[in-house]
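So the protein sequences, as listed, match chains H and C.
Note that the first sequence covers residues 72 to 791 in this note's numbering.
Note that the second sequence covers residues 1076 to 1252 in this note's numbering.
Hints should not be assumed to be uniformly reliable.
Facing chain H, from chain C, some residues (calculated, C-beta under 7 Å) [claimed, not checked]:
(1) GLU1105
(2) LEU1107
(3) PRO1109
(4) GLY1150
(5) ILE1182
(6) ALA1184
(7) GLY1185
(8) PHE1242
Rather than coming from a laboratory, the hints here were simulated on the basis of the structure.
The beta-carbon is built from N, C-alpha and C at its ideal position, and this holds for glycine as well.
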Amino acid sequence: MRSGIFIIFLILAAVSNLSAQNYIIEGRVTDKSNNPLSGANIIIFNTNTGTASNEEGLFSIPLEQPGTYEVEISMIGFKKEKVKITIPTERRLNIVLEETIIQSDQVVVTAGKHEQRLEDLPVSAAIMSSEFITEKNFLSLDNALRYAPGVSVNLDQVSIRGSSGYSRGAGTRVLVAYNGIPLYTGDTGEIIWEIVPVNAIERVEIIKGASSSLYGSTAIGGVINVITKEMTGDPQTYVKTYYGVYDKPAYEEWDWSGQYRSFNGLTLSHSNRIGKLRFSLSGTRLENNGYRMNDFYKRFIGNINTAYNFSSTSSINLFLNSLNMDRGNFVYWKDSRHALQPPDADIGQKVRSARIFSGLIYNNALSSSFLLQFKSSYYNTYWRDETSSENSSTVNLFREELQATVSSMDNMLLIAGIEGTYGKVSSDLFGDPESFGVGPYVQADYRLFSPLLISAGLRFDYSKLDTLEGTGSVSPKLGLNYHLSDDLIIRSSAGKAFRAPTLAEAFTRTGVSGITIVPNPDIKPESNYSYELGMTYNYKELFITDLALFHNEYYDMIDPAVIPETGQVSFRNVTHARIQGTEISVTYNAFAPFNIRLNYLYLWARDVNNNKSLKYRPRNLVTAGADYRTGGLSVGLDFRFWSRIDELDTELVELGLVPDGDKRVPVYVADISAGYNLLKAGLPLNITLNAKNILNYNYIEVIGNLSPIRNISLGLELVF
Amino acid sequence: MLSSKEKDSIVNIKYFLLLFVLLFLTGCGEGLSPGPEETVNQTGFGGTVYFKGEWPDSVKRTYIAAFRNEIQNAGDFFLQIGFISDSIPRNTKQIIYSSQVNPLVPIKAGQYKYIVVAQSATDSISFLRKDWRVAGIYYMNGDSTKPGSIVLNENEFIKDINITCDFDNPPPQPPGG
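Based on the sequences and whatever the hints tell you, model everything.
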């Protein structure tokens, strides 16, 4: 497999100079102070031909024919510009972008695996900016995602519109990707959020709804794609440090330590260039003493990122992320009177882990209408459970993907690709199984006439888990996007998605507190038929509202269940589930320094067979936020609400494993953040103050786990 | 001097900020709270267990267990369990017990149709039917044709739930073993 990858790479590199471009649009993008803007998107209107400006603000777009072209230039934080240019009479554009906090007309790359405007998508989507993550001092991405519209997080398991409940990380129903490369582990299929360096995030794109027609398994509920920052190549050093403390618990019974528990972190990062090679290096150390007993962690996160442009049309990006972590193993509370303490037998248990996630992304625009992209990744994970069970697991997961993007005429774009994976596990929990998967896919976006875009996609996936019989799944999708007017857009989509069982779900063999878990050789993929109808109304960029209705039918949903004949537990295809709902979002940009957002999600998620609610799906979810930014000052308020969860793991309560585990309440969490950027005062220093859960409200997201109590942190960032 | 648009915007901002204040205030309750201090749990049952004959050498643990329904298959051993007592020491001849004393799985109010003394020989505790043997069964009024049943109400304690274990004449075993 490795020699085959090398051959593909050589072929791609060899053809990088084959095509001769006779016509070209080139130029420079700057702000009002004539500073170059790196990473601005330049797209030829009504086509999918485009590029991004480099670290000097320069760009060039090769063309096959002369003519008059309308060019759009956009960048997050700046007002979009449109200009017309006639080739070959004119060929150079000098664009000056004006700053704005209005975030409309953003470009996303996740929904269709190519650059698209947010308003042209046939599915619901949201974007989270890096400013939101850093200003509010979110230490890992899952903490920030709790405030994303339509997204919920139970402990560390993410769900989009109720797609997932909580299964201790095994078998996520949301595909999380890093620059389009899937990020789940090869054994349990879980997301290790800490391996994503928060300081490297440019934005996070969230696609809601089944996306297996492009992304295959795991994208059964949606996709969350982390887009990292473009490297400028300018020499820059970044230092961030923070220190925080948890408040005392609200009740004396819960004050197990008698102290204010602290947490702190330090990030050092440097970026520079050597000739045409741009690079950045960063190291982060995080330490948290934990508001709960035996719930500490120490993390070391490393990141190396390099980029090299072979020419104006071909480039390669290599990255490596590493995570070493020691953490206490807090599973459930002792009881509600000792909610911040584990059972006595669990005190002192730890888990050690070491993970490396590395990859390369190669892009080659062979012509203005043909783009080749190759992605390769290697994910090595090791963890050891330093408890009475002493379980451990080592996993190596390889993934390769080749994709071609072809735009023909001015209104058609075709994407075709193939993805392959190979995984090998060595574990006393799962044995030594291997996994193999391959998934060819194709998608066509066709602009029938100016306001109407039709998108159709199809993917076939074949997956084989070790000795189990291989399974095949077909995932079709059809989507429409129609601009009724400049202000009003409607969209609709329907599709089928699937999720293959993970190695953990198929092969786990262990005993926990008297419960025996055994493998299931007959487990098969679960599937989802999803439908969505949505509408966006944008009133003069001041008031933006989005409404969506969605319906999902899940078949053969995988869940742990007791085998009646033996009393053992295994992961089985047990449920026909139905998840329906509506989501409403409002963004208000009335008075320039203020930005207000409000999102309401109504979920009706139920097990159709047993006529009861699915576990861990609140019926009503609200996120709201208000930000004020002027000069160097920024102040923010954030709020989220869940209605009381209808169902959770009551079996654990009945067996006495989690005393008082059925205790739960609605969730109300309010945070305040404030920051001041001293750059305008001549100091490259940013100070932030964050107070989370300022009401010190006590709640659970998962049975027997009290969520973080009130805490305050002070952060300093230096850039020079 | 503010324009009418700016005045409208200020009014709208005030409404939104009021909405935020209301949202914040909805969370002014404290949410979860510690449960009450442990009080004597009146709900339960007790009695005497008698052992006749020699204890098998292989037995590693002995408990009193109560099931909500009779066991029909191996899965019921796990699914129907409602109570497991504290461990009974090896070679005991007679022991007075109470469900309130250090139970492995605490009892709750409800009906229990199958109350037994169960023993296992495995190194660690397991909820698999095949790992357990029933050494004695509670019979009501001496009627050994069918297992005795009790109905526990809240704060009710039922006495004289006596069980005899005869190692030389073991009782019929439930299905699934």
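Interface hint for PRO1109(C), Cβ within 7 Å of any Cβ on chain H: Status holds, d = 4 Å.
Chain H contact restraint on GLY1185(C) - CB to CB distance below 7 Å: violated, 11 Å
Status of the ILE1182(C) interface restraint (C-beta, 7 Å, chain H): violated, 10 Å
Status of the hint placing ALA1184(C) at chain H (closest C-beta pair under 7 Å): violated, 13 Å
Supplied contact hint for LEU1107(C), tested at 7 Å Cβ to chain H: Holds. Min distance 4 Å.
When the least beta-carbon distance from GLY1150(C) to chain H is tested against 7 Å, hint result: holds, 4 Å
Hint status (Cβ of GLU1105(C) to nearest Cβ of chain H, threshold 7 Å): holds, 5 Å
PHE1242(C) as chain H interface residue, shortest Cβ-Cβ below 7 Å: With Cβ-Cβ at 25 Å, over 7 Å, it is violated.
In summary, the structure is inconsistent with hints 5, 6, 7, 8 from the numbered list given earlier, while agreeing with the others.
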